[in-house]
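Chain order of the listed sequences is A and B. Residues 113 to 1156 (this note's numbering) make up the first sequence, in order. Residues 214 to 667 (this note's numbering) make up the second sequence, in order.
These aren't lab readings, by the way, just hints derived from the structure by calculation. All values reported here derive from a predicted model rather than from experimental measurement. One should not assume that every hint holds.
Calculated cross-link-like contacts (lysine-lysine; reagent style DSS-like; alpha-carbon spacing at most 25 angstroms) [said to hold, decoys possible]: (1) A/Lys990 with A/Lys921; (2) B/Lys310 with A/Lys972; (3) A/Lys818 with B/Lys245; (4) B/Lys238 with A/Lys829; (5) A/Lys829 with B/Lys336; (6) A/Lys714 with A/Lys829; (7) A/Lys818 with B/Lys336.
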Amino acid sequence: MKIFIRKKHLYSIVTKLFLVLLSTATFAQQGSLPPNNSKLLGVVTDAVTKQTIPGAVVAIKGTTHVVATDEKGRFEFITAQKYPYTLVVTYVGYKTTEVVADGSPIEIQLQEDINNLNDVVVVGYGSSTRKNLVSAQSTIKADEVKSIPVASFDAQLQGKAAGLQINSNTGTPGDGIFVRVRGTTSINASNDPLYVVDGVFLNNTSLQTVNTGGRATSPIADINPSDIESFEVLKDASATAIYGSRGANGVVIITTKRGKFNDKPKIDFSVTQGVAYEPKGDLWKLTTGPEHAEIVNEFYTNSEADAIAAGNTAGAATYKYLPFRALTDNPTATPAPRGLPGDQHTYDRLDELFRTGALRDYSLSISGGSKDTKYYIGAGYNYQDADIKPIYFDRGDLRVNIDQKVNDFIQVGVTNSLSRSFRNQARAGDGPAGGLFQSALHTPTYLPEVNADGTPARWAGFDNLQVLLNNYKVGTTSLRYVGNFYADVKLAKGLTFKTSWSLDYNNYNESEYWNDKTQLGAAPTNGLATSSITDASAWVNEQTINYHTLFASKHTLDVVVGNTIQNNVSKNTFAQGSGFPNNAYTDITSAATRTASQTWTKSDLASFFSRVSYNYDSRYYLEASARADGSSKFGTNNKWGYFPAVGAAWRLKDEDFLRDVSAVSDLKLRASYGTTGNSNGISNFASQGLWTGGAGYPDITSGGDKAGTAPQQLPNKDLKWESTTQFDVGADLGLLNNRLSLTFDVYSKITNNVLLQTPVPEITGFSTVYSNAGKVSNKGYEFGIDAHIVRTKEFSWNSEFNISGNVNKVITLPAPISEYSRDWITLRQGSSMYSFWMYKQLYVDPATGNAIFQHADGTKGPTVTTADRQIVGNALPKFQGGFTNNFTYHAFDAGLLFTYEYGNKVLNMNKFFGEGGGTRDANRVIFADQLNRWTHPGQITDVPRVTAYGNNYTLDQNSRFLEDGSFIRLKSLTIGYTLPAEISRKIDIQKLRVFASASNLFIITKYTGPDPEANVTSGSQTQGLDLGTPPQPHTIQIGVNLTL
Amino acid sequence: MKTFKKITYIIPAMLVITGIQSCKKFLDVKPKDAVSDDQTIFDKSSSETAVRGIYRGLAGDSYYGSSFVSIGYFGGDNVQWTGSQSIVQDFISHNVKTDNATVEGVWSGIYSTINRANNAIAKIPAVNDIALTATEKNQLIGEAYFIRALSYFDLARTWGGVPIVTTPTVTSSDGNNIKRSSLADTYAQVLSDLNAAEPLLPLPTVQNPVRANRETAWALKARYYLYQKDWVNAEKYATQVLGDVTNYSLLKPYSAWFANNAVATKESVFELAYSATYTNGERGSWQPPANGGTRQWAPSPAFITLVNDPTIGGNRNTIIAKTSAGLWYGNLYYRSPATDPAYVIRIAEVYLIRAEARAQQNNLIGAGSASTDLNAVRDRAGLPPTTAISQADILLAIENENRLEFSEEGHRWFDLVRTGRAAAVLGITDPNKFLLPIPFDQVTANIPQNPGYH
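Next up, chain B with everything else stripped away, as it sits in the complex (with noise of 0.2 angstroms):
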């Protein structure tokens, strides 16, 4: 019995111990997935990994991965939509509400990638590593440079001038105070960050598509100009790229840049890489159910009989494919696991862009023209020289080419807006509709709402 009372007061004694044990310590627990905002960039590996992580959200489902495409194709007349969700069939019938989740999840996955790049930009200029030499330290800050110069590129041409924020986010309240710029000020900071990215960036020594050199910073300026309708530089920065041989050519057949599992080809000055840990998000909604998708995006009746006209399409009728119950579906994307990499800047655009800019300065037949430029792009198809010879019929061909040439890609929308044909091509007749609504819950009195939005 004497034991046991020992131990009646030896247990709550051993107990209250235990209770009053460092409270502060045994509170304080880190995940081991994720780390502490304090330390995120501080040397070559650090700089490496927080680059990658840019293209990572530039290739993410709600930017180049999926939804920021499909705005520009499901926008054009290639494609329609069979699947339950309002909100893909209103891009296609031009009656975009502003509560669309789409486009929530275009603009949110667009910031967050600049939030990434405004890291890099920020950040890796002070790193003191000495194993970052100088070449390697501003290759990174030039892509992220050239990243947030694509990024803030697609958000002009989607709502057009948005709030620039050029600095990392550090706590919840650093964006309250920003307000919309104009359409002029969003574009000049494309350029304000690709003129930083163009000196940053090395010339290519091997041909990578899946990362930007400064000859991709190149053809992003040609694309640039063409859509500020200044055709000189348009011309000039295309022809630089086009100079480049080695690393870029128009691949025959058509096929050849897509099909196979071909990735990286020659075809691409710019494409995002995609593997079986991530993927890309395309591919579901176009494979036809046989193949494990839903076909809720298929090409639409009329693009199915231009593509299938030999006349027309040549040999890209590749892109499209048929069930055995015959229904055509769309065929760009279709890997498993979805590896398909996003086209973003494909060297046939960078020779229609030059074929524009001089058709636009009326150079349009003979060598070094407009119809040299968009014959290269229809001979790799199978196709005849055009027939056009006036400047207008030119233009005409070039834009049919265009929507040929990039039925899948996320095009078409945004050519016909630039080119101010959407009204005419599409039947569109309220203007407001060529800018999307800015998301309802993102719209403040410093981010007022689009006209004829509501």
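Extracted from the complex, chain A is given alone in its bound form (with noise of 0.2 angstroms):
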């Protein structure tokens, strides 16, 4: 891999003369030396990997002669420094070395530095060392989670951070997750934090359209987590209140890989091969064909009993026949005869449905540098099944980052990212026609899956599930360009001015066609085509100018100020045809029936922000910063909002009293407080009072539609930005030379002005009106620890663990809120956001086998009214993290990553289904908890007796369903071993390390259904209804890292 000649050239022909003479590890002095000049040749390597080390910074102490080791880790002094003398050796992540030089050559290895209090920290529109940040905030290295083979980056995150909550709502690879920064503090607009790509502000609203049953697919998943290096989570107001409007939901900064300066073309291949699946055991537990039709008997003559008693004759009529009784038993009756319970047979479908999926990835990437010119070149490809037919994903990108500097104070760069994803989809959550799981899982076992002359039988209003997994077309393609262009000028001394324009560009096409065999697509609609292309694109154009100084030797001052001009446009065109010659023909324009749509919708956002920091001597910190943002979504009395914030930190380790304590190695105590907005998520146009054009009607007789127009949207000239303030005290405390490092956060974020689709009287003719209304607040904890529990050359074993909890709470709130079906989440002032509002169901009754329910008035009975619903529990954990080990063992390596969740409730829908007692009859799968049902007194059950009258099956919102979410899941195993380095040197390798690696191996948890993470929908406002959704996979991968 030879590119440079000339004098390196000669140089390294030089050096390794020296090797071939010497053939030891280690130098010994040698050769003449000029009479005044010495002459030192030197080598810099790691102390554990005898790896070398390019762009090391060598200095002679006491002097200004500085130079850097060269792409092979050498370099070289001519100095007039008599021997000995010492030399003193800085790189990013090693400990700074000092040795003392008795002659030439001489070999420094450097130890990697633990604790990376010196390491570089990205942070707002600039960087900061570890040691001098000020705010809370958490470094995740991408390296350590990228073999957990998700679509995603985010989803790799989970329990990799404290105070971030990461969970992977569906199976579905490449679609949305529920991912929060210290907890939820909108309602209405979006709760996801802000994505930083290289200083492109990444959109991750999702731009689907078709229906695939509530969800909806991430765009972050376009981006190929191989060329991340690094994640920086911003957590605090002091870390985030330089993205004013954009930061209240906290900042992730994602950092791809780039080249280095001076270096070598190094080649990186990896290669990784896996499957996925879903173990049968941990899959639902169904009645069988005869459990079924004993149950339905058993409603039907309990119910029959019932009317009976009550007088209800048309009752007593309705439940006169057994609907499974012999055929020959009064045939012409209602409901017809079936057949008797032992006659039934039993359907396995969710067998059908599930698979060993395959997962496939590839990456290549290319790095390096000359003197002015740095490069990354990676190009990947990554090919995902779901643990169900027929979903899967893919995308192949492309990556090139450059950076040249054009002379000693200008340097230019661009990053580019170009990737192509497609996604082959299905109805796999919430809706009956077309979706996958109410076909297997909701269908009754006993149901044929074709009818008695061969066709594909169809059940329940449900589609048949072959007819599904053969016939299915969701097809979506995404096309994503992410890239950037800098300029940075020196313009004097510490002072910097830079400049960037970035582009986000997706053209997201999606395709969906349903044919006549399918419920949506049978006859008379013969064919249902959907065509719907989204191309939104989001520019920023922004200027900084930096100016950082030390002066009077102990005083450091950084000062940012900068502005920004963002532009977001969303279009779309949907066109839609029904009506096809045959199955043939699928192009909309063959419909004999076509309709079409087109949206169009833009915000534009100006700001202009600083700050200030400054330090004295490394103990005292101070750091202020504000923003101001101007929105185009905002009513003209309040187009603009101010978002400052105060910074401040107190290093203890380098005062007097604590400088000689060496069991403490580094302890800083911090404090922030500020304001961040959010605008994120609302319509863009909803502060105007609008009137829609879509209220077409004829006036005439077949006249055909004539265009009308309705009241859409009331008015409210006063909306503004919705505020999150943020007060955080945290320590950071490193022991025993850090090799054991803690740090610890409390935080208390109360949100004002909350964005609010307000509830008006529906008198007025309108339901919501967007408001600044309501209030909530975040309050929690973080901890985590970091242990470098043994660290010698031959064992090593690293530990992290953290824990964070968050309390929720809206404290104000104009009236009720309900989300989703049925009302079974609601808002309301004093609970929790996500709380389930319920009858509670506390026992059943060991007499009557009827439930009995918790009344508002404190009694109890098996009757109900509206006024009994209240509150039991919320869908958010009291706390939850991730516990992490790392071990290596001479040449091998393995990982472990144990996530958790304390306290979050669940709402069991598929249960809520298949446990209605009958009397969803032939409309849903029972499932085998229904066998407990009550049957005889004295029975202790919490399954009520199987009646159509009273309350025991009939609710809906009844708090049997809602279970204990609480996990703890190895979410990735990992064991590698890497060849030694003297082997791979012969071989003319850098390194190669084969691995194998599995996830969601297993889970502990007292959740009923598959996966407690599940949730039915991807809004906001919804978390915790497990419906209709895959699980997470589990997966087992073996793979190959080579670098060149």
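Once you've looked at the hints, go ahead and assemble the two chains, each given alone in its own frame, into the complex.
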């Protein structure tokens, strides 16, 4: 891999000669020297891996003489200094090392700095070091999480940072997930953090328009996780206020890989292959055909008895004949006889839906640099099957990052990422027609899959499973460009000007076709096709001026001022056709009936921001930042919002009383207070009073629709930013030479002027108006430990643990708001968000078999009114976190990551449908739990007597279906082997590692569904509703990483 | 190098200029698929579009497009529910709770339609456009009055007295101080709107049941007076409508008004039109999976027995059909795309209104009597004349005819409540259940809940 010749080439030949001559690892004194100047040759290596370190800075102590190591880790000095003299070697990620040079050549071994106090940390519009951070901020190295096979990088971060809650709501690869930084602050606006990739504000609002049962895709899946170097999670106001109106939900800064100046080309190649599956034992347990029939018959028997007892003759007639009776028994009576229970068969459809899917990932990158240019070129391909048919995701991508020094004071660079993601989608969520789980799970097991004449049978308003699996066509292609150009100009010493232009462009092309075998396309519809093309672009222009100065030797001042303007435009063209000649025609052109629509939306944002950071002697820190944002979304009276923050820190370690306490290697106390805003997720035109044009009606019979208009939305000229004020106190402690480091934070976030679709009296003709009403609080704590428990050459054990708890509370809300169907989830003053509003079933009366409910007045009984509905828990965990253990033993490495959550409630909606006591008869499956129903006096059970009357099975919001979703999950397990450096050198490669990894191997939970993290919709207002959603798969993979 | 130095200063200078470009203009973005509510009704065209928008509201999913109609038949005894949501079953078991989503949807859908009408009524009179003739202007305003009358009528028969809003909503606080009116006042509003509509609306020049004309207002007046037990006026207005034999007639056989994709037949006095763009919400709930529906709403066993009995149902059993698996389903709403009309007033109803009004006035048999009108409807269904003679028997015969005639339209529940027969026929013991609850989140000091609901 020799690229550079000339002087460097010669130099390398010379050093090779030394190696040959001496053939030892350490150099001995050698050669004659010029009379006055001594010449020192040296090499800098990693003390553990023995690999050379290019780019390390070597200085002769007490002089200004500094050199950098070349691409082979070598350096030379020609100096008048006399031996012995002291060299100081610094390199990012390693301890600064001083060695005494007493002759040439010399090898200097650097120890990795495990506390990384001097690591460069990316912050908003700048950088800092870990030591100097004033804010609460977590760093996640991409390498630590990349073995988790998910399409989008956010899903890889679960359990890796305190204060970051992540739940993958579905096993569909590339679907949106639930991400919260320090709780949920908003009701109708977005709660997702802001993702900034190399300075580009990444769109993470799904562009999906086709119906996949309430789920939506994640735009983040367009980014290849392999290209990512690190994540910074910005949590407190001091860190996020500089992002102003985008900062209230936290900020995740993603840095992608770049080359290094003076680095030889490095080729990384990695291949991973694996499988994704769901063990059958984890799935739902269903009744057999005969069991189903017995329960339905019992339901009829009991219902008839109850009707007679109540004198309800119509009811008694309805339930007179058991549906499962001999075919010859009253054959013309309603319901028609279906045969005796014992004659029923059992059909297992789940087995046909679930499969062992394939996982493949290939990535190739080349990076390196010359004196003035550095580059990173990466390409990747990823393929993931879901654990159910026919869903899969694949993505090909290309990245080119280049930085060029134009001269001594100007540097320009580009970041380019281009990707194409394809999703074979399906309805795995809500809704009867086309729903995979409705067909596979919710169809009663006694009903056959084919009719007597051999045609596919459709039951209960659901599609036939095989028809769905074989005739499904929902395909989406996302073309995404995320790129940025910057120019960095050093105006004077310490003064830098930077300008950048960024673009996030996404062309999202969906097509859907339901042929005439499916329910949606069946005659008389005769095929239903949809084409939806969304084109979203967001550009940002920003200018910053950074000033850094050190004065009077102990005062450090950093100032950044800047402005940005942003523009987001989204366009959609939607066409639908039905009435196709036959299934061979699938383009809308061939459809007899065609409809189309078009939408366009745009928002602009203009901002000015600044941050001033000062520290005295790396002991006392003070930071202040502010941002002003003007948005087109808001009312004419309140377009501009102002977001200030202050932070302070005290590094006690460098005080006299701690400086010499060797057990304490670092101690810092931090505090910050500030305000950030949020406007994301609400309609771009939310403040305007609008009339829609979509209310057409004919003037005369058969005249066809003519245009019609109608009021659509009430105005609110006072609409403004929702603002979150956060107070944070934290401490960072390093012990035992930083082998043990601890971080602790407590915070209180109050969100005021919450953007809300506030209910208005419906007699006005409107249901809601966007307004700033309501107040939400999030209070919590975070604690993290990073321990290098064993650290020897042969064996190392590194352990990280984090825990965070958050209490969410809606402090004020003008009127309760219900979410999702049946008002299962409610928002009300004084309770947490995602609260479940239920009739609380206390127990089943052993004497009567009736469900006994808690009444509002404190009494209890089998009857209820709406007033008895109450909040029974919520979907948010009381605390959650992760536990990581990494081991190396000689050439072997192993990693284990556990994630956990405690106290979150999940509404098991599959069970709600499946435990209907026979009320749904042939329309729904019956779960095996139903077999525990009350059947005789004295029986203790929580499954009430089956009957159509009373409230045993007629209340949709029965708390019986609300379960504890706490869990501990083995999120990932990796075992690797790296070829020893001596061998890999011989075969001329830098590094070769083979590994096996697994994810989601087991979970410990009381939840009775397969996955307590499942959620039926991607809506921000609902969480903890498990219905018709594939569980996250178990995966096993093997792979190879090769570096040349 | 000198050039670079220059660039160093030119670039920031340029960018600062870009940055301070007119922020005000930059931050002013208007949508393209909707317009500001400052300028809504100002000329002929905008007046016409606003009135079409009222009809679309009337035809919306939560009103005549499905939900409101479903209250009418679920409350009766013709339709059963086979789906999973208890909110539907609650109508059948007469145990509707205050958090019932259908109830809330209908409440909000009707008031949304009223607000559209209020806009037209308030703004069209002030439109000064030469192209808009006085006749056209009157017609548009008349239509708005008519739809508002129908809306308050539907509110009154569903909830009793309701808040009366007669001005367009401009800001979100407009509804804050409006109190619930009495039932009498609500019906007074209906009559007042009908009286306003009647002279403004023209008599029909062509058969056009998708828009209201003066006769449509008469038909609604006939129904209104029937509900008020003002038999004389009910008969009078029914007779006025029935007198127009050019535009209305009972079609034979029964299925002629809905089968084979028929729309706007002479059967309809007032029906709402749908298209591929604006579909009727009923179909999906009625049709079986084989036809792309869910069949969650299905004819009840009792109704199937009745309608299949040729001496009772006559040829009206064409309104149900059977799947290959032997399941009966309702087949009034069957088209794809779902362009099935919503049948608001059919001429058969006007016959039965007059029959009932005459029977109540003891005009029982003979020419021009209750029996004549009843038999007209029976004859169309392929049935012999009624054998009922006494007033009680004829009234019962009319009630039963209504049940069969409008099995999948929203009449049965309201008829039984109106005639005081709901307790006897449906076995409802709590008279509070004759009215539905105000949606729980709409209840305020100004809008108290109906008795018997919590």
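Status of the hints after comparison with the structure:
Taken as a hint, the lysine 990 of chain A and lysine 921 of chain A pair is honoured in the structure, with Cα atoms around 12 angstroms apart against an allowance of 25 angstroms. Note on lysine 310 of chain B and lysine 972 of chain A: the hinted pairing holds, with a Cα-Cα distance of about 19 angstroms set against a maximum of 25 angstroms. With a C-alpha separation of about 19 angstroms, the suggested pairing of lysine 818 of chain A with lysine 245 of chain B holds against the 25 angstroms cut-off. Distance check on the hinted pair: lysine 238 of chain B and lysine 829 of chain A sit about 17 angstroms apart at the alpha-carbon level, within 25 angstroms; holds.
Simply put, lysine 829 of chain A and lysine 336 of chain B have alpha-carbon atoms about 23 angstroms apart, close enough for the 25 angstroms limit, and the pair holds. Straight-line distance between C-alpha atoms of lysine 714 of chain A and lysine 829 of chain A comes to about 18 angstroms, which keeps the hinted pair within the 25 angstroms bound. Our distance criterion of 25 angstroms between C-alpha atoms is met by lysine 818 of chain A and lysine 336 of chain B, whose separation comes to about 20 angstroms.
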